[in-house]
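Given only the sequences and the hints, what does the whole structure look like? Please build it.
Number of protein chains: 2
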Amino acid sequence: MKKVALKTIAKELGVSIATVSRALSGKPGVSDRLREQIVNTAKRLGYQPNIAATALRIGKSTTIGVLIPELSGSFFAEIVSSMEKVLSDAGYRVILCSTEDNPSKEAEHLQTLINLNVEGILSAPVGMKSNKQLYRRIIEDLKLPVVFFDRIVEGIEADNVVTDSKEGMRLLMDYLISKGHHKIGIIHPLKETSTGAERLKTFLEYKDKIKIRREWIKDGGSFEVGGYESFIEIMKLKEKPTALIIGNNLMTLGALKAIKRLKIKIPDDISIVSFDDASWNEIFDPPITCVSQDPYQIGLISASILLDKLKAKRKTTREKMRVVLKVKFIERRSVKKI
Amino acid sequence: MKKVALKTIAKELGVSIATVSRALSGKPGVSDRLREQIVNTAKRLGYQPNIAATALRIGKSTTIGVLIPELSGSFFAEIVSSMEKVLSDAGYRVILCSTEDNPSKEAEHLQTLINLNVEGILSAPVGMKSNKQLYRRIIEDLKLPVVFFDRIVEGIEADNVVTDSKEGMRLLMDYLISKGHHKIGIIHPLKETSTGAERLKTFLEYKDKIKIRREWIKDGGSFEVGGYESFIEIMKLKEKPTALIIGNNLMTLGALKAIKRLKIKIPDDISIVSFDDASWNEIFDPPITCVSQDPYQIGLISASILLDKLKAKRKTTREKMRVVLKVKFIERRSVKKI
DNA sequence: CTGAAAGCGCTAACAG
DNA sequence: CTGTTAGCGCTTTCAG
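Residue numbers (our numbering), protein chains in the order written: chain H, 1 to 338; chain C, 1001 to 1338.
Keep in mind that the hints were calculated from the coordinates and are not lab data.
Calculated cross-link-like contacts (lysine-lysine; reagent style DSSO-like; alpha-carbon spacing at most 27 Å): (1) C:1003 <-> H:320; (2) C:1265 <-> C:1337; (3) C:1207 <-> C:1240; (4) H:85 <-> C:1191; (5) C:1060 <-> H:11; (6) H:3 <-> C:1129; (7) C:1311 <-> H:105; (8) C:1179 <-> C:1336; (9) C:1209 <-> C:1236; (10) H:85 <-> H:328; (11) H:209 <-> H:336; (12) C:1132 <-> H:3; (13) C:1132 <-> H:85; (14) H:257 <-> C:1263; (15) C:1238 <-> C:1336; (16) C:1328 <-> C:1191; (17) C:1143 <-> H:3; (18) C:1328 <-> H:257; (19) H:60 <-> C:1011; (20) C:1240 <-> C:1260; (21) C:1105 <-> H:85; (22) H:27 <-> H:43; (23) H:336 <-> C:1260; (24) C:1240 <-> C:1336; (25) C:1043 <-> C:1060; (26) C:1337 <-> C:1236; (27) H:326 <-> C:1257; (28) C:1179 <-> C:1201; (29) C:1166 <-> C:1326; (30) C:1337 <-> C:1179; (31) C:1007 <-> H:143; (32) H:3 <-> C:1105; (33) H:183 <-> H:337; (34) H:263 <-> H:236; (35) H:265 <-> C:1263; (36) C:1257 <-> H:265; (37) H:265 <-> C:1336; (38) H:43 <-> C:1105; (39) H:129 <-> C:1085.
Written as structure tokens, this is what we have:
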């Protein structure tokens, strides 16, 4: 079975390649009868357009690059899942790149995406500062639409969709304080990320209202293992906080495993709350109080914004969109009143 | 900033495009001095090869298509995660397609992948029968390497990496029986999938050893909602089984949520075991006994096999590899001895 | 060792 | 309404 190109079906019908191209791509300038004939034989022969050729010719690839730190936790998996739905329904293909929060991997992947002529990029950037130049080049020189989600890069003008970390942290802190806690610790996400920095910063803003100690503040590095280890370290301390904020869902999972392992009683031994919800929060005994973001929404909105940019490309650079999603506070039973 | 192609750097140095191409792609036939010069100016100008052009010329795209039913559960997310690592390290790009267990979506995505000239496909096919023709065409006519993982298509000769569902089910059943259960129910995965069919079939093989009733067998459709609803239906029955097997991790999550909601006591009210492990199994109280597959391994192995095929392409079609991964039985505390 | 030239499959002027 | 032609950027003979 040899490949069937435009030429094949042009020969078959004794017409020119151009006509076939026009007919098949729905462009005007072909008589209805001929068009129908062409469409039919195309179908009969099982014609499949060669995307690489079109991409080369047009300079477009109908492909979108999606950059994420990791996929194994549910958070980014859900985001990617909704992005993929939106984009593939719109006729775009999704190239998935995971950075593992490693700036040089991020750079590499961005390069590849550029070479591939992707039409747009959805990125949860590794750091607030890392690869700033590269992103700037992509946006300003290459004029590729980029939408940041979950995290942002400092000083880069781009659309972004993030969750209100400040509000989320405040809800958590105020709740803990209202329950009588004034010795509070935190396991925050990697502080090089905008989310990590923001959550930590908001936490520190409470330093006059509550008692904070150095040892109660841990950078959990965003992943499960960091949550696990940081939690254990904190529980080893002589003077422990009475409540602990865990700064994302993967680290919360790690902490929950540590809790099981150490047979710690929540909330009697220590109260905990989580930034992010996840299945395990609900399932755990006691269920974990948290603020939740909606990853499905994040993916949906980011992808939609990108699609919109793509359509509106000819227009002068519009205002950048900055969507800040509200968190939802979910009270469960992991905090003790003291 | 205009684009820099081979032509740009050829002009810059007053040499021919062909030479530049040879120099940059490490082909012989360029003097060392010239080559070095070319490489340098290429770097200086920030040359980036246009992948579409190469793809068109060579008929290869260094791109792999990955087809999965869904991404929001941890199982496939982990698989994809490890595939992405392996493939991107080997210089391939990953196109992600989610089928939502819908055969026509699967077909659509496969078509797209073909048009894109992907060099290989990693697929967890929707059904044992659906799209059989298409897969056959891809493998036999297009000669594209395809590796099925987790699930297979009946009667298609292709490499595959699956978990031993039969052994897994037996471990679960024998364990339950050894604990004195002889009234056992099952919520199995979508029976159109090979995993669903195999697990159900193995379950039914026990029909002489234990008591099985129609109403104790539910097709949970593989997703969380199905696990949730099926579990509730079973608990409404007048005559209930004493133990229940839940056939994958997402459905187990659904069931666990139902259990919480209905305030059912495990294992006093009913014993449960799960095919697949997941974070929530470990975290739940009591922790759930299960057989576990290693999604990370599945991804790793499948991707490696594909890579191997890609390298060995010229050779005559070798034996198809059929990897069957063993499950691991993990006893926890969700089964009561009766 | 280097260059000229052809062509991958497709689109888009430009002619007729 | 249809055909001819010229490339998109790259690789690869074939000459020199």
